[in-house]
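A.B. asks: All chains, please: the whole structure from these sequences, using the hints.
Chain by chain, the residues run as shown.
There are 2 protein chains.
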Amino acid sequence: MTDVNAIYPQDRIVIREVGLRDGLQISSGFPSTDGKIEWLQKEYAAGVRHFEAGSYLPHDRFPQFADVQTIVDALNRLDGAHSIALAINRRGQADALVGGAGELTCVLSATEEHNLANARCSRRETLEAIAGTVELRNQSGHKPLINVGISMSFGCSIAGPVEPETVVDLAEQCLERGVDIVGIADTVGYAGPRQVGELCNSMSRLFGDRPYVVHLHDTRGMAIANAAAALDCGARVFDASLAGLGGCPFAPGATGNIVTEDLAFLCRTAGFETGIDLEKLVSAREVLAREMPGEPLQGALSKAGIPKTMIPDNA
Amino acid sequence: MTDVNAIYPQDRIVIREVGLRDGLQISSGFPSTDGKIEWLQKEYAAGVRHFEAGSYLPHDRFPQFADVQTIVDALNRLDGAHSIALAINRRGQADALVGGAGELTCVLSATEEHNLANARCSRRETLEAIAGTVELRNQSGHKPLINVGISMSFGCSIAGPVEPETVVDLAEQCLERGVDIVGIADTVGYAGPRQVGELCNSMSRLFGDRPYVVHLHDTRGMAIANAAAALDCGARVFDASLAGLGGCPFAPGATGNIVTEDLAFLCRTAGFETGIDLEKLVSAREVLAREMPGEPLQGALSKAGIPKTMIPDNA
Chain A
1 MTDVNAIYPQ DRIVIREVGL RDGLQISSGF PSTDGKIEWL QKEYAAGVRH
51 FEAGSYLPHD RFPQFADVQT IVDALNRLDG AHSIALAINR RGQADALVGG
101 AGELTCVLSA TEEHNLANAR CSRRETLEAI AGTVELRNQS GHKPLINVGI
151 SMSFGCSIAG PVEPETVVDL AEQCLERGVD IVGIADTVGY AGPRQVGELC
201 NSMSRLFGDR PYVVHLHDTR GMAIANAAAA LDCGARVFDA SLAGLGGCPF
251 APGATGNIVT EDLAFLCRTA GFETGIDLEK LVSAREVLAR EMPGEPLQGA
301 LSKAGIPKTM IPDNA
Chain B
316 MTDVNAIYPQ DRIVIREVGL RDGLQISSGF PSTDGKIEWL QKEYAAGVRH
366 FEAGSYLPHD RFPQFADVQT IVDALNRLDG AHSIALAINR RGQADALVGG
416 AGELTCVLSA TEEHNLANAR CSRRETLEAI AGTVELRNQS GHKPLINVGI
466 SMSFGCSIAG PVEPETVVDL AEQCLERGVD IVGIADTVGY AGPRQVGELC
516 NSMSRLFGDR PYVVHLHDTR GMAIANAAAA LDCGARVFDA SLAGLGGCPF
566 APGATGNIVT EDLAFLCRTA GFETGIDLEK LVSAREVLAR EMPGEPLQGA
616 LSKAGIPKTM IPDNA
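The listed protein sequences correspond, in order, to chains A and B. Going by the working numbering, 78 is the number at position 78 of the first sequence; the sequence numbering is gapless. Every position in the second sequence, counted from 1, becomes a number in the working numbering once 315 is added.
Worth flagging that the hints you see were computed from the coordinates, not collected in a lab. Computed from a predicted structure; not experimentally measured. Check the hints yourself; a few may be wrong.
[What the hints assert, rightly or not] Which residues of chain A face chain B? A partial, calculated answer using Cβ under 7 Å: (1) 42; (2) 77; (3) 81; (4) 161; (5) 164; (6) 221; (7) 228; (8) 233; (9) 234; (10) 255; (11) 272; (12) 273; (13) 277; (14) 296; (15) 297; (16) 301.
[Claimed, not checked] Rough simulated footprint, nothing fancy, chain A against chain B, three-plus residues with beta-carbon under 8 Å: (17) 468-480; (18) 593-606.
All C-beta atoms in this analysis are idealised placements derived from N, C-alpha and C, irrespective of residue type, glycine included.
C.D. replies: Printed below as a string of structure tokens:
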């Protein structure tokens, strides 16, 4: 069985680039396959090792992910890179297992109302399906990590407030079913740093030395503040999207995922090691500017550069 | 003598709108006088009470502040509004005293190098000039608050790192000279939340129940995270700029001041009272969109709206 702590070393902050999946979920355009490979190679050269490659979904309905297998293959050829793929149904999961993705992500909603609207079944039924996914993995020759992302963990666009205890309880039920890693997602950008800190404290207690993922959106400008609170409360794995790609399906035109390069800068200011070279990371934005010319690129570090206080004397 | 705690009540977070001054310092265009008055009236209607009106500077070199007296007068006619003006030389200070500004802001740099470059004198000489400003105010019939903004408090674009002890020592020297309120400014956006929390802890110890100001720029995307850290460490007064107006003179195209509406939202998520109606505040951006059509308007809350979790049931 793959050791989750080998994939997610606990001596550093792991930033997972999810722009290739979550960033392209509702974008108006998407990069060519060659463009995607150049994008991930540039981030790999900057030190990023964890990538969400895409989603195993019907090609006709999701043309932006039609090349997911090519992207997984490209990642698997890079030494030390970890390929993650969203696979929300049995067909997609079977394809991902055969395709050799290093991690399969399933989705569960924090609220019954959103789970019913999104997955058309109850949370209990989704949890049983997740148990089936774990079983499928266990019987497979290739044994990827199984990840469950709990959407709406900080408030739901349908049901409203979400108690942290609800999320921690769902996370615990995932672990009991053999899930390796759980993510808490501020899907609609409702959270503030106080709330994020509280939930991360509880998650850190539940997970101990095992990793959990914090997935933040900058829908209302709080993403970096929320990440700072999560870091202070023990979170060590974060999803992020280069140039903040990805919007909010419930707020057209809103900003998307937390910006990878600004998050890496935050970690640097707070003395957390990420293994990422900030200047090389920023330079990867060139691929997006060329491949997705109509897409607004977010982020502040890229406009201002590294502070004088962080440039080594011998640079 | 004006009581600083009466102007800055300690039972809430005071957000000072500085867009009319700092936001227009290096902007390519600026609103008409009528546009400025509509702007401040809309923010006043949203609950904002503290405004930096402009700068008393030569009209020919700073046409964006030629109407500063008209703006101060407009503010002074609004019940409970507090007018602040930058006045960095004797002539400007005399004009501000005659003109009835409620607060005069002087500037001191945290580093000797920047003070020499910016004010063409040592920090000691600037501190003596500030003592002279306090004396001028004491002899005046109108007695505004005297504020000193310490620029480069979190790192200097010339000298590099700045120790928190240096800033606290300068703040103490200001208080010893009769200054009422001191601001710590991340002029070039170098700070991260850990550093901001450390300096705010020291400032909170020095100032006790008296207010000090935190002036943040979003140059590298850290402004809201830095404000969250400052709030956690006892800061109660913040400068901010509607739509994040204002750039960075050292980084052309970079983002500017912390966004007023996103900061007010942060306070709301953390349970801090500001007296500000978020939706009314966001609507004030219309004035900027109309009066400054070429200027990029920053901020996320305005694109996404208030979360469902914050809308009262009877709304």
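A.B. asks: Holds or violated: is there a CB of chain B closer than 7 Å to the CB of residue 42 (chain A)?
C.D. replies: violated (20 Å)
A.B. asks: Verify the interface restraint on residue 228 (chain A): the C-beta must sit less than 7 Å from at least one C-beta of chain B.
C.D. replies: holds (4 Å)
A.B. asks: May I ask you to test the interface hint for residue 221 (chain A) with respect to chain B, counting a Cβ-Cβ separation under 7 Å as satisfied?
C.D. replies: Check passed: Cβ of residue 221 (chain A) comes within 3 Å of chain B, closer than 7 Å.
A.B. asks: Closer than 7 Å between Cβ atoms is the bar; does residue 234 (chain A) clear it against chain B? Give me holds or violated.
C.D. replies: Hint on residue 234 (chain A): violated, closest Cβ of chain B at ~15 Å, above 7 Å.
A.B. asks: Hint validation: residue 77 (chain A) versus chain B, beta carbon distance must be below 7 Å. Holds or violated?
C.D. replies: Because about 33 Å separates residue 77 (chain A) from the closest Cβ in chain B, which is outside the 7 Å limit, the hint is violated.
A.B. asks: Taking beta carbons only, do three or more residues of the stretch 593-606 of chain B come closer than 8 Å to chain A?
C.D. replies: violated (count 0)
A.B. asks: Take the shortest C-beta to C-beta distance between residue 273 (chain A) and chain B; is it under 7 Å?
C.D. replies: Check failed: Cβ of residue 273 (chain A) comes no nearer than 14 Å to chain B, outside 7 Å.
A.B. asks: For the restraint on residue 161 (chain A), tell me whether the closest CB of chain B is nearer than 7 Å.
C.D. replies: holds (5 Å)
A.B. asks: Is the coverage entry for the stretch 468-480 of chain B by chain A consistent with the three-residue Cβ rule at 8 Å?
C.D. replies: holds (count 5)
A.B. asks: How about residue 255 (chain A): closest beta carbon in chain B under 7 Å, or not?
C.D. replies: holds (5 Å)
A.B. asks: Does the nearest C-beta of chain B fall within a distance shorter than 7 Å of the C-beta of residue 301 (chain A)?
C.D. replies: holds (5 Å)
A.B. asks: With a cut-off of 7 Å, does the beta carbon of residue 296 (chain A) approach a beta carbon of chain B closely enough for the hint to hold?
C.D. replies: violated (11 Å)
Of the hints listed earlier, those the structure fails to meet are numbers 1, 2, 3, 5, 8, 9, 11, 12, 13, 14, 15, 18, in rising order.
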